[in-house]
Amino acid sequence: MTAATPAQTDPLDVERIKKDFPILEREVRGQRLVYLDSANTSQKPRQVLDAIQTYYERSNANVHRGTYLIAEEATAALEGARAKVARFIGAASDREVVFAKNATEALNLVAKAWGRANLRAGDPVVITELEHHANIVPWHQLVDEVGIELRWIPVGADGHLDLTDLDRLVDGARVVSFAAMSNVLGTITPVERLVAAAHDAGAIAVVDASQYVPHLATDVAAWGADFAAFTGHKMCGPTGIGVLWGTEAILDATPPFLTGGEMILNVTKEGFTPNELPWKFEAGTPPIAEAVGLGAAVDYLSGLGMEAVREHEVALTAYALRTLTDRFGDDLTVHGPSEPAERGGVMSFTYRDLHPHDLTQVFDEHGVCVRAGHHCAKPLMRELGVAATARASLYVYNDEADVDALGDAIGAASEFFSS
Amino acid sequence: MPGLEDLYREIILDHYRNPRNRGELSSPPATRVEGFNPLCGDEIVLFLDVDDGVVSDIRIGGQGCSISQSSASMMSAAVKGKTLDEVRALSRAFKGMMSIHEQVLDGEPGGNGASSADDADPTAEAGVKLGDLEALRGVVKFPVRIKCATLSWNTLLQGLDESAASAS
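Respectively, the protein sequence lines represent chains S and F. Count along the first sequence starting at 1, add 314, and that's the number in this note's numbering. Count along the second sequence starting at 1, add 2, and that's the number in this note's numbering.
A hint or two may mislead.
Derived DSS-like pairs (lysine-lysine); straight-line CA-CA distance at most 30 Å [said to hold, decoys possible]:
#, chain 1, residue 1, chain 2, residue 2
1, S, Lys415, S, Lys426
2, F, Lys84, F, Lys131
3, S, Lys415, F, Lys149
4, S, Lys415, S, Lys332
5, S, Lys692, F, Lys149
6, S, Lys426, S, Lys692
7, F, Lys82, F, Lys149
8, F, Lys143, S, Lys692
9, F, Lys131, S, Lys692
10, S, Lys692, S, Lys415
11, F, Lys149, F, Lys131
12, S, Lys583, S, Lys426
Footprint (simulated), chain F over chain S, 3 or more residues, beta carbon under 8 Å [to be verified]:
#, region
13, 672-680
14, 686-693
Computed from the model, here is a short list of chain S residues facing chain F with C-beta under 10 Å [claimed, not checked]:
#, residue
15, Gly619
16, Leu668
17, Phe730
Hints are computed from structural coordinates only; laboratory data are not their basis. Model, not experiment: these values are computed from the prediction. Backbone N, C-alpha and C fix where the C-beta goes; we use that ideal spot for every residue, glycine too.
Make a model of the complete structure from these sequences and hints.
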């Protein structure tokens, strides 16, 4: 393990960043709020909250309809947010960026709209053992409804995907769908290699980028995938908005998912003509204020610089792995890759035989917010041989003091349950 | 604000560290049922022998947090040797104690609903003694943990139904 970068050379000014997040000023149970659950949902900076507030106070109107000034402003705000997101992820055009409710809805759109139109009984779909339920259950449904064959890329003991049998697994596949970063282990997967393997086999490549886009500079064009899904609320944006990115070619080949207003060019008694991209996939009034908030979140992260965000998280993850291991030794098991450069700031751990739920209950007494459970990845938990883990996850507003507070909370839980 | 000692009473920790009726029964003849807590991944495997309307033996397997495991242990000790009617009454009383909605809704009009958990339990079944199970009363102050405490009871009820179905 490499030594952590000292705080004074941190590429982010975390002390200043913390001041951008009003919730971090809060005390809980008489303690400073130590938020270590950003893989679950991130906190929101004042800049995002203000953008949403300003939109509602000054420009609120429905989009793509009104001829009056504030309706034009609302439309420009929605489409402006789309353009920001497109630039942020390296999309070739705004037409490739579809707003959805969250990453789960985006992945359901792929499985249910593209999948039902293009998959037949016996068609192989390849996913991995690292997947979140959002990239498992929609395919399970196609097993039941269409009769597709679901294949699993295994995860090795080191927390990385085991690609030994990749060629055999993707042979004849129609879809290869995988997470760019594990929400449980933090594992960063070889996206470009998996995309190439998918395309060589004649399959489309779908990337669940929910844990990746908030933490690493993303270039979907360089990935070369067909679809990528992520969500706004894990990247300083509000809940209720996610993104499905797709190439124009594949979006054109995908029938509409939800239907109704907004997504049509024309409706007659006989039928309908779908709207152009991306509105073809956005039925009903879209989450306008949420899109505005996501646009502000993209501005905020761009202002910090995604390279700096990544550098900060690698250094802080290295600090956490080193100090917690030094302090607790073999009593603490941190799952996933041991090399900080090969993982995100997501640390799933178990402490002795204490159940994660009991651990995090004590953490709460110390103001430390950590998730316990199966993290919507039960197949992976089974491979790890655990029912649940505690999971601490880092973001731009976390510093070494937060990691130290986690260590103190683990110590307190240990003391509480051994007394 | 409730503290950890409201949740982790000493008797609960004792059942967690020294679980009663841990193990398996051969099935059949025992009824085997599984219960899952989708929140935290707790799993319970319950083996149940019912003879002449009496829970003659019970064993608990699976894994989970201290609340789910101690609740299962206490449940097993409470129902072993009881008649099915007694077990169902006990189950209703326990689930009543764990019901946050009933606790609040049954509070006096205009009264402080939040404090009703400390008052006489309005949902208690007449004549049912909860005994050690009372130690779990504090769980209701930690709403996300209620499902941990009720997992074993819900699994037990499922087991009683399956046992009755296979006997008929």
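>> Hint by hint, where does the structure go against what was stated? Just the numbers, ascending.
In response: 9, 15
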